[in-house]
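Undergrad: The chain contents come next:
2 protein chains.
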Amino acid sequence: MAELTFDKLQGDNFTVAHIGKWADLDRYAFQHPKLPTPHPGKLFLKKELKLTGMEVSLNKLPPGTQMPFYHKHQENEELYLFIKGTGQFQIDSQIVDVREGSVIRVGCNGVRIWRNNSSEDLYFVVIQAKAQSFAGEDISDGIGVEGPVEWPDPEK
Amino acid sequence: MAELTFDKLQGDNFTVAHIGKWADLDRYAFQHPKLPTPHPGKLFLKKELKLTGMEVSLNKLPPGTQMPFYHKHQENEELYLFIKGTGQFQIDSQIVDVREGSVIRVGCNGVRIWRNNSSEDLYFVVIQAKAQSFAGEDISDGIGVEGPVEWPDPEK
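Protein sequence lines, in the order shown, are assigned to chains W and L.
Going by the numbering used here, the first sequence opens with residue 26, and the numbers climb by one from there.
Going by the numbering used here, the second sequence opens with residue 26, and the numbers climb by one from there.
Some hints here could point you the wrong way.
For identical chains, the list gives no copy identity; a pair is met inside one copy or between any two copies.
Derived pair list, reagent style BS3-like, types lysine-lysine, alpha-carbon separation capped at 27 angstroms [stated by the list, open to error]:
#1 LYS72 with LYS109
#2 LYS33 with LYS59
#3 LYS33 with LYS109
#4 LYS33 with LYS46
#5 LYS33 with LYS97
#6 LYS72 with LYS33
Since the hints were made in silico from the structure, they are not lab data.
Construct the entire structure; sequences and hints are all you get.
TA: Printed below as a string of structure tokens:
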């Protein structure tokens, strides 16, 4: 598996990485412990960014390929965000055609699988967070910070 | 604000919505309680999808526009995923040029703001989850489900 060579920047309260173009996602590969070979086009972000509240993967799935098995979860809710391309998602035997702008919440017990049955690459994001862990909604957790907004070149 | 007219599908363990093309995100608008007019191009998903572990927004920011104030968070970590276009992100006075594939974790106390200082629309996803709530990483929470994979048209 290729070493990850992000351009990274860290501070007390943040981590930034530039992982590159979606089309080049297959420079990264994930080695699933139950599969014989690494899976190119799947990049997990939690460890790289030091995330503490979620795991997120960025995914590029080539035409004619599919997940080889169904899975569910123990504690985590998942959200699938489809960015580009078309394919199919299956949850509890329900088939859904997915495309740019398809968004799918799956609770722990949902039995899920997906495939790219099209002739173009399928791009999507998968977010995991602990089910029932989130209070509030939209901006209720945010706090405005007083002071004038400053950019180095405000006219640009 | 336009009524949300998603094509939605629900089951015991899932909610699916098709919210449309990224380019059409400004059909949705968010009314921030402290701002005079709705903010087109910002769509929150938690309520619509019945998410319980995260809040997620999909964002389209036009050229030459910016957040009008800094903010931080009380309990939630944020992840910003930049999908398309270019702009700038500021955290604790550090300026970062963002582009397709830029990913930024911001902890609760990070003071953050962003702008689109380019001539094209900027597209990004913002995910909030409770800081320190997530155990494990990558696939450690998943459980394989036995049985043959079945698609209605397996050759397609």
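Undergrad: Run every hint past the structure and note whether it holds.
TA: Now for the hints, and whether the structure bears them out:
1. LYS72 with LYS109: both (25 angstroms within a copy, 24 angstroms between copies)
2. LYS33 with LYS59: The answer is neither: 30 angstroms in one copy and 34 angstroms across copies each exceed 27 angstroms.
3. LYS33 with LYS109: Answer is both; intra-copy 26 angstroms and inter-copy 19 angstroms each pass.
4. LYS33 with LYS46: within (15 angstroms within a copy, 30 angstroms between copies)
5. LYS33 with LYS97: The answer is between: 22 angstroms across copies meets 27 angstroms, while 33 angstroms in one copy does not.
6. LYS72 with LYS33: Within one copy, since 13 angstroms is at most 27 angstroms while 34 angstroms is not.
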